[in-house]
Amino acid sequence: MLTKRIIPCLDIKDGRTVKGINFENIRDAGDPIELGALYASQGADELVFLDITATNERRKTLSALVTEIARHVNIPFTVGGGISSVEDVSVLLQSGADKISVNTSAFKNPVLIDHLAREFGSQCIVLAIDTRYEEGDWYVYLNGGRVKTDIKAYDWAKEAVNRGAGEILLTSMNNDGTKKGFALDITGQLSQNLNVPVIASGGAGTMEHFVDVFENAQADAALAASIFHYKEIEIPALKNFLYQKGVNMRF
Amino acid sequence: MKTVIVKYNAGNIRSVQFALERIGVNGIVTDDETEIRSADKVIFPGVGEASTAMQYLKERKLDQVIKNLKQPVLGICLGMQLMCSHSEENDTPCMGIFETPVKKFTSPVENLLKIPQIGWNNITNLHSVLFEHVPENSYMYFVHSYYAALGADTVAITNYVINYSSALQKDNFYAVQFHPEKSAEAGARIIENFLNI
Numbered sequence: 001m002l003t004k005r006i007i008p009c010l011d012i013k014d015g016r017t018v019k020g021i022n023f024e025n026i027r028d029a030g031d032p033i034e035l036g037a038l039y040a041s042q043g044a045d046e047l048v049f050l051d052i053t054a055t056n057e058r059r060k061t062l063s064a065l066v067t068e069i070a071r072h073v074n075i076p077f078t079v080g081g082g083i084s085s086v087e088d089v090s091v092l093l094q095s096g097a098d099k100i101s102v103n104t105s106a107f108k109n110p111v112l113i114d115h116l117a118r119e120f121g122s123q124c125i126v127l128a129i130d131t132r133y134e135e136g137d138w139y140v141y142l143n144g145g146r147v148k149t150d151i152k153a154y155d156w157a158k159e160a161v162n163r164g165a166g167e168i169l170l171t172s173m174n175n176d177g178t179k180k181g182f183a184l185d186i187t188g189q190l191s192q193n194l195n196v197p198v199i200a201s202g203g204a205g206t207m208e209h210f211v212d213v214f215e216n217a218q219a220d221a222a223l224a225a226s227i228f229h230y231k232e233i234e235i236p237a238l239k240n241f242l243y244q245k246g247v248n249m250r251f
Numbered sequence: 001m002k003t004v005i006v007k008y009n010a011g012n013i014r015s016v017q018f019a020l021e022r023i024g025v026n027g028i029v030t031d032d033e034t035e036i037r038s039a040d041k042v043i044f045p046g047v048g049e050a051s052t053a054m055q056y057l058k059e060r061k062l063d064q065v066i067k068n069l070k071q072p073v074l075g076i077c078l079g080m081q082l083m084c085s086h087s088e089e090n091d092t093p094c095m096g097i098f099e100t101p102v103k104k105f106t107s108p109v110e111n112l113l114k115i116p117q118i119g120w121n122n123i124t125n126l127h128s129v130l131f132e133h134v135p136e137n138s139y140m141y142f143v144h145s146y147y148a149a150l151g152a153d154t155v156a157i158t159n160y161v162i163n164y165s166s167a168l169q170k171d172n173f174y175a176v177q178f179h180p181e182k183s184a185e186a187g188a189r190i191i192e193n194f195l196n197i
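Top line first, the protein sequences correspond to chains E and Y.
Under UniProt numbering, the first residue of the first sequence is numbered 1, with each subsequent residue one higher.
Under UniProt numbering, the first residue of the second sequence is numbered 1, with each subsequent residue one higher.
Simulated from the structure, these hints should not be mistaken for laboratory data.
Among the clues, some could well be false.
Claimed, not checked - Computed list of lysine-lysine pairs in DSSO-like fashion (alpha-carbon distance at most 27 Å, straight line):
1. Y:K103 / Y:K114
2. Y:K104 / Y:K114
3. E:K231 / E:K179
4. Y:K114 / E:K152
5. Y:K103 / E:K158
6. E:K245 / E:K231
7. Y:K58 / Y:K2
8. Y:K7 / Y:K58
9. E:K108 / E:K148
10. Y:K7 / E:K60
11. E:K179 / E:K152
12. Y:K67 / Y:K7
13. Y:K7 / Y:K104
14. E:K158 / Y:K104
15. E:K231 / E:K13
16. E:K245 / Y:K114
17. E:K148 / E:K13
18. E:K158 / Y:K114
Based on the provided sequences and hints, a complete structural model is requested.
In structure tokens, the structure reads:
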């Protein structure tokens with residue numbers, strides 16, 4: 001049976017992980033390769049690396065880093081952040097990324113998704129959506145949550161899937177950083193109505209929150225960053241807890 | 001020992017090469033017929049679309065080269081599907097090493113099936129040297145929309161709404177639907193088992 005997936009997310013800036021203190025068992029917690037390999041050895045099912053570097057040099061640095069991650073990490077990983085062309089994606093996939101995620105660039109130029117899916121296959125195209133609930137619905141936000149749009153998250157997700165997105169990474173801005181749980185309603189709406197996997201993100205604070213998002217919202221995967229980086233929740237304990245609660249997990 | 005990875009217009013070649021490197025093996029990536037024929041072990045990877053990949057192989061006569069190899073060959077993902085008789089993906093005649101047809105996952109009326117299957121699923125009914133020291137129900141990483149049906153060459157079974165072949169074996173030909181190069185330690189074990197044949 002297909003398992004639910006636990007996905008730690010690592011923010012990368014200038015080739016280093018931004019968060020990630022408090023790891024006495026690895027030499028350099030700022031090293032994305034070492035941190036990624038550690039999570040893989042602990043039972044993470046996949047990794048997401050989000051590049052938040054803003055300089056012009058980023059592309060070269062990133063592809064070199066992706067090569068080293070692929071060399072050392074024996075589980076699948078997604079790379080996102082500032083990807084806006086077929087060429088960007090080609091470089092990252094050839095460097096060894098398994099999937100890439102697009103966000104603002106795809107919203108501004110939706111045909112990019114068609115092109116990427118045709119060129120590389122839907123299975124490696126993840127659409128990331130940042131969404132906020134206001135005035136009775138969930139709206140898409142762009143540029144890392146700074147720019148509001150008047151398009152509803154569900155409508156955009158549906159269009160993106162029709163264009164060839166193979167997976168949706170949904171981050172609720174209302175929940176992100178609160179540690180009060182995932183946004184179950186919008187996650188559930190997407191997961192139960194779209195025929196591609198949905199990765200829930202934003203709000204994880206306790207192990208029960210993961211049970212909720214898998215059982216109640218039927219998310220296919222759950223992503224979190226700080227609770228793993230700061231060891232508030234450790235992956236082996238989380239997977240054991242979920243398994244005890246009847247959620248299918250890989251061990 | 002010379003291990004060759006067949007180079008063609010498919011993804012995941014780099015990942016396979018790195019997986020070999022992690023177990024101390026240098027994988028030579030090549031589409032040269034002589035190089036492939038002289039290898040001790042041949043890995044035929046693949047992520048992509050069946051008809052485009054078959055056309056590319058045929059234009060370079062690599063389909064005939066692979067089919068006539070006598071040393072152990074390991075097909076991965078699309079590589080496995082191309083070794084089957086026929087794929088429903090754009091109605092593509094394949095190499096026919098295995099008699100098994102390749103079909104598309106279809107959603108049953110009563111519930112929504114997510115296609116492609118993406119993630120970790122278990123392998124059961126293991127009957128191959130590939131799975132030595134790999135326990136029943138081990139989890140492997142799968143990404144696919146098409147599957148090889150069950151048949152005489154089935155040596156592992158996985159369930160995604162239906163039971164299908166997650167591994168096939170016939171004579172010197174071995175094939176897996178999942179990605180051993182991305183399946184943590186259990187996947188590395190399968191690659192090592194193949195190299196030890």
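Against the structure, the hints:
Under the criterion of a C-alpha separation no larger than 27 Å, the hint pairing Y:K103 with Y:K114 is consistent with the structure, at around 15 Å. Of the supplied pair hints, the one linking Y:K104 and Y:K114 holds, its CA atoms being roughly 12 Å apart against a limit of 27 Å. A hinted pair counts as satisfied when its Cα atoms are at most 27 Å apart, and E:K231 with E:K179 qualifies at roughly 14 Å. Between the alpha carbons of Y:K114 and E:K152 the distance comes to roughly 22 Å, so the proposed pair stays at or under 27 Å and holds.
Of the pairs offered as hints, the one joining Y:K103 and E:K158 holds, with about 26 Å between alpha carbons and a cut-off of 27 Å not exceeded. Using a Cα cut-off of 27 Å, the hinted pair E:K245 and E:K231 holds, with the two alpha carbons roughly 21 Å apart. Between Y:K58 and Y:K2 the CA atoms are separated by roughly 25 Å; this keeps the pair inside 27 Å, and the hint holds. For the proposed pair Y:K7 and Y:K58, the alpha carbon gap of about 13 Å is at most 27 Å, so the pair holds.
The suggested pairing of E:K108 with E:K148 holds, with an alpha-carbon distance near 13 Å, which does not exceed 27 Å. Proximity of Y:K7 to E:K60 is assessed by CA-CA distance (about 25 Å); at most 27 Å being required, the pair is judged to hold. A C-alpha spacing of about 24 Å is found between E:K179 and E:K152, which places the hinted pair at or below 27 Å, so the restraint holds. Between the alpha carbons of Y:K67 and Y:K7 the distance comes to roughly 15 Å, so the proposed pair stays at or under 27 Å and holds.
Taking the CA atoms of Y:K7 and Y:K104, the gap is near 26 Å; set against the 27 Å cutoff, the hint holds. Of the supplied pair hints, the one linking E:K158 and Y:K104 holds, its CA atoms being roughly 22 Å apart against a limit of 27 Å. With a C-alpha separation of about 21 Å, the suggested pairing of E:K231 with E:K13 holds against the 27 Å cut-off. Distance hint between E:K245 and Y:K114 is fulfilled; the C-alpha atoms sit about 23 Å from each other, no more than 27 Å.
Between E:K148 and E:K13, the direct Cα distance comes to roughly 25 Å. Compliance with the 27 Å bound is thereby established for this hinted pair. The hinted pair formed by E:K158 and Y:K114 meets the criterion: a straight-line CA distance of about 14 Å does not exceed 27 Å.
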